[in-house]
Amino acid sequence: MPSMKADRDWIEEFRIAYDHWLPEAMPLLERGDYQAAFRFYPFPEFETIPWTPVTKPLAASRLAVVTTAGTHRTGVDAPFRHGPEGDVSLRRIPGDVALADLDVSHSHMPEQIAREDMNTVFPLDHLRELVAAGALGSLAGTHFSLMGYATRAADIAETVAPEIAEAMAQDRVDLALLVPV
Amino acid sequence: MHVVKPPRWTYVRLPRGSMFGEPGNRDKQRKVLLDVLAAFTAIQEPGGHVELPYRWEASPVMYRGKGLKEGPVS
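Chains as they are written, first to last, in this note's numbering: chain F, 876 to 1056; chain G, 6 to 79.
Some hints could be false.
Said to hold, decoys possible - Now the stretches of chain F that chain G is said to cover, found in silico as 3 or more residues with beta-carbon under 8 Å: (1) 913 to 927; (2) 945 to 959; (3) 1029 to 1036; (4) 1043 to 1054.
Just so you know, these hints were derived from the structure itself, not from any lab. It should be emphasised that the depicted structure is a prediction, and the values quoted were computed from it without experimental measurement. We treat Cβ as the ideally placed atom computed from N, Cα and C, and that holds for glycine.
With these hints in hand, go ahead and build the complete structure from the sequences.
Now the structure itself:
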């Protein structure tokens, strides 16, 4: 299959629909009635599926992790905001970070699991072992973290995602492992 | 996932927020990760996916008064 870039046709229409959704949804979001609020959320409709063929074996590939668990460095990075619209911002996690130095701030997941063992959402210990064993080529110099609750999807598509893609291209990353939370 | 349309994906029937298995269960976490990495090369078509056999093997994860053994929290 040839490469196919991500569909961008939905973004303009989404922004208009979002501006109509938000005023009606806000009271529901503020009282935590997410089921009611997202029943009429303008979920994007994609025409195509993006695709890049994998051309290298794992043992020769460089991998970056993108987690949406709201992972951040304790005392270094700002925690993610827990407002009604969530948070579309990005945290860059250095490749040599110790998992003990990480925390999570995610308003829509049981945070205690990741705090007990960060490998449940950001499996860096295991990936390092696989690199040491020769099963995986290398790990990126930087990994990426977002909070999975972020209602402004167009902002992620137009600002955050290109920023991640550019950083990965500069770091010669072959594989992006997304851990959705 | 039919809405999100990712290029390739694995279906892991574990509670949201613990996608590689129970805290401290390193053997299982490693198995899940190895299966996920294998899917990078195994999936040859856009939108292809692999369903993994793993299930939650601990007390349900408590979140907002609910006990979870699989799937999202809301």
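Output the numbers, in ascending order, of every earlier hint that fails for this structure. Hint check: 2, 3 fail, others pass.
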